[in-house]
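Chains as they are written, first to last, in the working numbering: chain Y, 95 to 464; chain A, 14 to 627.
In case anyone wonders, no lab produced these hints; they're calculated from the structure.
Heads up, some of the hints might be wrong.
[Unchecked claim] No farther apart than 27 Å at their CA atoms in a straight line, the calculated lysine-lysine pairs in the BS3-like style are these: (1) LYS46/A with LYS437/Y; (2) LYS437/Y with LYS597/A; (3) LYS413/Y with LYS27/A; (4) LYS131/A with LYS206/Y; (5) LYS597/A with LYS468/A; (6) LYS196/A with LYS413/Y; (7) LYS413/Y with LYS131/A; (8) LYS548/A with LYS357/Y; (9) LYS437/Y with LYS27/A; (10) LYS577/A with LYS46/A; (11) LYS46/A with LYS167/Y; (12) LYS196/A with LYS167/Y.
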Amino acid sequence: MTTNTLWAEAGPVPAAGTKATDLAKPASHTLFVQAKPPVTIEEVRYNLQLAVELEHATLPVYLQAAYSLDDAKNGVIANMIIGVAMQEMEHFCQAANILVAVGGHPAIDDPKFVPSYPGGLPKEIGTQPGQEKFIVHLRPFSKDQIKNCFMVIEEPADPVDIKDAGLLRASSDIQDNYRTIGQFYEDIAKALTDLGDGVFSHSADGQVYGMLGITPILGLQDALDAINRIIVEGEGTPTNPTEDGGADMAHYYTYYEIYKGRKIAKGPDGWYFTDETIPYDPTGVADILDDPTQADYPAGSAAAIQSQSFNTYYSNLLKALHQAFNGRPDAINNAIALMFDLKIQAKLLMNTPLNDGSGKFAAPTWQYVP
Amino acid sequence: MSYLTGPRLTFTGKFIADVSTVNNHAYAFQDDKRYTADDYASWHIGYWNPYGTGVWRLTDCVVTGAVNADGSTAAGDPVIGLTVADANDRPPAKMVDLDTEQQMVSAIWGLLVRLAGKDGADLLRGEFDVASFTDLWWRNWAAGPVFEHPPHPPAYFGASFQSVLRDLSWGDVGASPFLTAFKAAAADGLLSIKFNVTGYNAGYGVNPPDNTRYLPNPPGFTTGLMTGTIGIAARDEPRFYTPGRQLQPTSSNLMAPGNRFGYATAVVDEQRSLLTIDLGNSIPFKTWRGEMVDEPLHIGYFGGSDDFNRLAEITPDNAWYETTAGICTIPLTDAQRAAIGSSPLTVYSPTLKAVLGSESPDGRAVCADQFVFRMSPGDSATTTLWATRFGKPLANTAIAVAFDSTGLQPSNGVPVGEPESALSFDDTVTTDARGVATLTMKAQDPGTPRTVTRKDGEIVIDGQIYGIRPSFPDATPLSYQNAYDFISVLVWSGYAVPEQPTWEQDIKPILVEYANLYPVMLPVLDMGNYDSVCKHLYALQTAMALPVEDPNYMPVVRDLSPAKSDAVLKWATNPIRGVVPPPKPTPVADPSAVAAEALSWAAAPSAGSPILRK
Numbered sequence: 095m096t097t098n099t100l101w102a103e104a105g106p107v108p109a110a111g112t113k114a115t116d117l118a119k120p121a122s123h124t125l126f127v128q129a130k131p132p133v134t135i136e137e138v139r140y141n142l143q144l145a146v147e148l149e150h151a152t153l154p155v156y157l158q159a160a161y162s163l164d165d166a167k168n169g170v171i172a173n174m175i176i177g178v179a180m181q182e183m184e185h186f187c188q189a190a191n192i193l194v195a196v197g198g199h200p201a202i203d204d205p206k207f208v209p210s211y212p213g214g215l216p217k218e219i220g221t222q223p224g225q226e227k228f229i230v231h232l233r234p235f236s237k238d239q240i241k242n243c244f245m246v247i248e249e250p251a252d253p254v255d256i257k258d259a260g261l262l263r264a265s266s267d268i269q270d271n272y273r274t275i276g277q278f279y280e281d282i283a284k285a286l287t288d289l290g291d292g293v294f295s296h297s298a299d300g301q302v303y304g305m306l307g308i309t310p311i312l313g314l315q316d317a318l319d320a321i322n323r324i325i326v327e328g329e330g331t332p333t334n335p336t337e338d339g340g341a342d343m344a345h346y347y348t349y350y351e352i353y354k355g356r357k358i359a360k361g362p363d364g365w366y367f368t369d370e371t372i373p374y375d376p377t378g379v380a381d382i383l384d385d386p387t388q389a390d391y392p393a394g395s396a397a398a399i400q401s402q403s404f405n406t407y408y409s410n411l412l413k414a415l416h417q418a419f420n421g422r423p424d425a426i427n428n429a430i431a432l433m434f435d436l437k438i439q440a441k442l443l444m445n446t447p448l449n450d451g452s453g454k455f456a457a458p459t460w461q462y463v464p
Numbered sequence: 014m015s016y017l018t019g020p021r022l023t024f025t026g027k028f029i030a031d032v033s034t035v036n037n038h039a040y041a042f043q044d045d046k047r048y049t050a051d052d053y054a055s056w057h058i059g060y061w062n063p064y065g066t067g068v069w070r071l072t073d074c075v076v077t078g079a080v081n082a083d084g085s086t087a088a089g090d091p092v093i094g095l096t097v098a099d100a101n102d103r104p105p106a107k108m109v110d111l112d113t114e115q116q117m118v119s120a121i122w123g124l125l126v127r128l129a130g131k132d133g134a135d136l137l138r139g140e141f142d143v144a145s146f147t148d149l150w151w152r153n154w155a156a157g158p159v160f161e162h163p164p165h166p167p168a169y170f171g172a173s174f175q176s177v178l179r180d181l182s183w184g185d186v187g188a189s190p191f192l193t194a195f196k197a198a199a200a201d202g203l204l205s206i207k208f209n210v211t212g213y214n215a216g217y218g219v220n221p222p223d224n225t226r227y228l229p230n231p232p233g234f235t236t237g238l239m240t241g242t243i244g245i246a247a248r249d250e251p252r253f254y255t256p257g258r259q260l261q262p263t264s265s266n267l268m269a270p271g272n273r274f275g276y277a278t279a280v281v282d283e284q285r286s287l288l289t290i291d292l293g294n295s296i297p298f299k300t301w302r303g304e305m306v307d308e309p310l311h312i313g314y315f316g317g318s319d320d321f322n323r324l325a326e327i328t329p330d331n332a333w334y335e336t337t338a339g340i341c342t343i344p345l346t347d348a349q350r351a352a353i354g355s356s357p358l359t360v361y362s363p364t365l366k367a368v369l370g371s372e373s374p375d376g377r378a379v380c381a382d383q384f385v386f387r388m389s390p391g392d393s394a395t396t397t398l399w400a401t402r403f404g405k406p407l408a409n410t411a412i413a414v415a416f417d418s419t420g421l422q423p424s425n426g427v428p429v430g431e432p433e434s435a436l437s438f439d440d441t442v443t444t445d446a447r448g449v450a451t452l453t454m455k456a457q458d459p460g461t462p463r464t465v466t467r468k469d470g471e472i473v474i475d476g477q478i479y480g481i482r483p484s485f486p487d488a489t490p491l492s493y494q495n496a497y498d499f500i501s502v503l504v505w506s507g508y509a510v511p512e513q514p515t516w517e518q519d520i521k522p523i524l525v526e527y528a529n530l531y532p533v534m535l536p537v538l539d540m541g542n543y544d545s546v547c548k549h550l551y552a553l554q555t556a557m558a559l560p561v562e563d564p565n566y567m568p569v570v571r572d573l574s575p576a577k578s579d580a581v582l583k584w585a586t587n588p589i590r591g592v593v594p595p596p597k598p599t600p601v602a603d604p605s606a607v608a609a610e611a612l613s614w615a616a617a618p619s620a621g622s623p624i625l626r627k
């Protein structure tokens, strides 16, 4: 079950010292965000709410893949994906804090907030015209999932080493669309700059900070810094895939490394594979369903009971986050605790046999429980 | 007051008790040993739910009935059909045993109870005070058709929980006349809650003669059925006990199949002349989750001439049970009210022409309110003892208090209740005008009496477990007796927090037990692994620093002494690894303990075992 057999396996791990010539995205898909450059404060709030939804939307698929990995066999990859997911959570909080700082109220506890699988990303993020519709699947880890889902989601504005591969669809871009999430954030930053410092409450009240390196948004400059951090962590910079030129790879390149099975580093004339491999053991992946739903598990089965509990904790997490960003910042502690419970519950499910003759195991379905 | 006086609502539904079971056996508490997946898959180590999370949840619970303060039913009130649920914005509650040698007071921690309106908005939220079950008995006569193989014995049992809901927050209850009156009646900001649990599914048993382990577990594994009642509580009342009229079954062994009646409590509302009796945990079922034993029951009393005087007849069935939670309110005439003031209430079976249960002839009962304690050396704790005679306070009465370990479940070779010097209390206390006596217990270091050497290693269980039973000094075999009416106390071993704790020397020996006994956490956090613990240090620090009542407190099982917890938290501020201590000398096994355990293993899984290990 792969979306594209061409990318199901990454092929042999490249030799150390060879150039990463296909670092740029081969663009089987290119996402765009409907470009509605915000101008008024209401439009900025609308886009920040969309940003919160977008940052959340990636978490179930990233975490499903990370949790499907046996840490003893594929711990390196699991940690790399979880590292990305942690930054998505940070981005989620940053966007929500900015929204609070400009008088908005992040809406998080809502069934519409939760994607369904297979399905698309939040409604204003779509597939480039002329391409096959981009569908997100909730799946265990595979090289195919990395290539055809995660790297599509994280495609940077201007992949480095573009000379070698190029953006196949670059010429078909529609002016009205954002090519990437980074551009979407840049327009929020621009609008905030135009609106000026006066739209900020200049108070940390109602914001959530103190974890994940997050500090309160007290004015325009804090918001611009936070947005810059989101863009750099997510996409790197146009000329450098590492965040701020440091050792941490931006998300797209992290996934590229996982896909290739080897780390990359900047050389004199581009990017090269290093000595450090990223080992992948295909036997260390839980054998779970693609796009599972609660209905896949017979009523009363261990899978059904534990899955319903997972969904309850997931929904409780959204409620706790909603409370945290709507007047009760302390509720973030409940959210953090629930994240821990979710991981335990996910691992428990992935060790719960379906007993249907398939030999497969149950998996989280990430559904909303009112 | 209490849930038996004033307005009350009834709910019915299910619960999930995903308890973990490696810690059910003392022999699994091995020092310095790591279990494998194969060990956990084995019945001997893993037992019936090795990967249990400890989570306890309410599911599918709805309000099925409401009774006004005057005893009339609030039929048609919009409260009927509303959802009773647990937390929707924080981690789930947990259920854990007190101790491996006292598994008969499993408690629910961190439960939030909600009443949700049709639109999903909460009409009521309240925090459930940590409470342990009591009155466990063999309630289901037969396994019934759901099980392809004989179930693990917990399926046959029933028990009840009583507690209070506090920190109440109310939504807009204006649409419900019942809830409006209910809210007004809760003037002390407390509600009284009691629920009955039965029909639990602990999978298939491993029974002689073949001792086969049947998997997968049957549908509904880890779930059970419940009926419950929420009423009004007052501040000056006990939280976990109703000092009313206590009926005891005539059967002498409630842990064996075939019983017709379990313990029951009744109260008389003198003002309104109402008798309310709670039979919610008293009537058996013919089969597991099947039909209730539906023979008529007469509720009455024995008059001066020893004639049975009937006050009411009920014919229980499942619908009755689910809509009333087994509670009947019976209007009394003045003469009846006067008569039962000094006569034992009785439940009589006209079918069997036999008394099923009754108050004792003298009508006296005494019970502790809080009956489970965890104490460190130097701690002092108090509980209140409530003495009644035919439901009325028994003032200025001496209550004898003594050690009694008979309600504990010592494993072979593991001592309980000693040294007695580690727990002190007055051997006699006297009730006040309200029939209440205060019992103060003081703990000292019990040492490490539960470090036991065996053939395959050393069992180390922290501290010691004690039973303390209050009773009337002049009690006779005719007096009211309930084996569960005693106080369980876990006293932790003394422990000095090291000046500078290190992982290898101090912390790993504390935490590795949790890695071993709670394998569900291993894929996320290996408490016996330095790197894993360091990686999750923030989460660990946060959870361990919470109040123990918090649902997210760690360790979930709540058996880590505060002193050792302090050591872990101190280490976490400077998590140095240190050096591996030299290995312990090879222990010399006590041959009698080894032989005893071998015998115990043959006996433990049998369905008729008087000791139920959940």
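Each hint, compared with the structure:
Note on LYS46/A and LYS437/Y: the hinted pairing holds, with a Cα-Cα distance of about 26 Å set against a maximum of 27 Å. Only pairs whose Cα atoms come within 27 Å are accepted, and LYS437/Y paired with LYS597/A is rejected, the gap being roughly 36 Å. For the proposed pair LYS413/Y and LYS27/A, the alpha carbon gap of about 23 Å is at most 27 Å, so the pair holds. Taking the CA atoms of LYS131/A and LYS206/Y, the gap is about 20 Å. The hint holds against a cut of 27 Å.
Pair hint LYS597/A plus LYS468/A holds up; C-alpha atoms about 15 Å apart against a cutoff of 27 Å. Simply put, LYS196/A and LYS413/Y have alpha-carbon atoms about 26 Å apart, close enough for the 27 Å limit, and the pair holds. Restraint check for LYS413/Y and LYS131/A: satisfied, since their Cα atoms lie roughly 18 Å apart, inside the 27 Å limit. With a C-alpha separation of about 23 Å, the suggested pair LYS548/A and LYS357/Y falls inside the 27 Å cut-off, and the hint holds.
Of the pairs offered as hints, the one joining LYS437/Y and LYS27/A holds, with about 25 Å between alpha carbons and a cut-off of 27 Å not exceeded. With a CA separation close to 20 Å, the supplied pair LYS577/A and LYS46/A stays within the 27 Å bound. Taken as a hint, the LYS46/A and LYS167/Y pair is honoured in the structure, with Cα atoms around 23 Å apart against an allowance of 27 Å. Restraint check for LYS196/A and LYS167/Y: the C-alpha separation of about 57 Å exceeds 27 Å, so the hint is violated.
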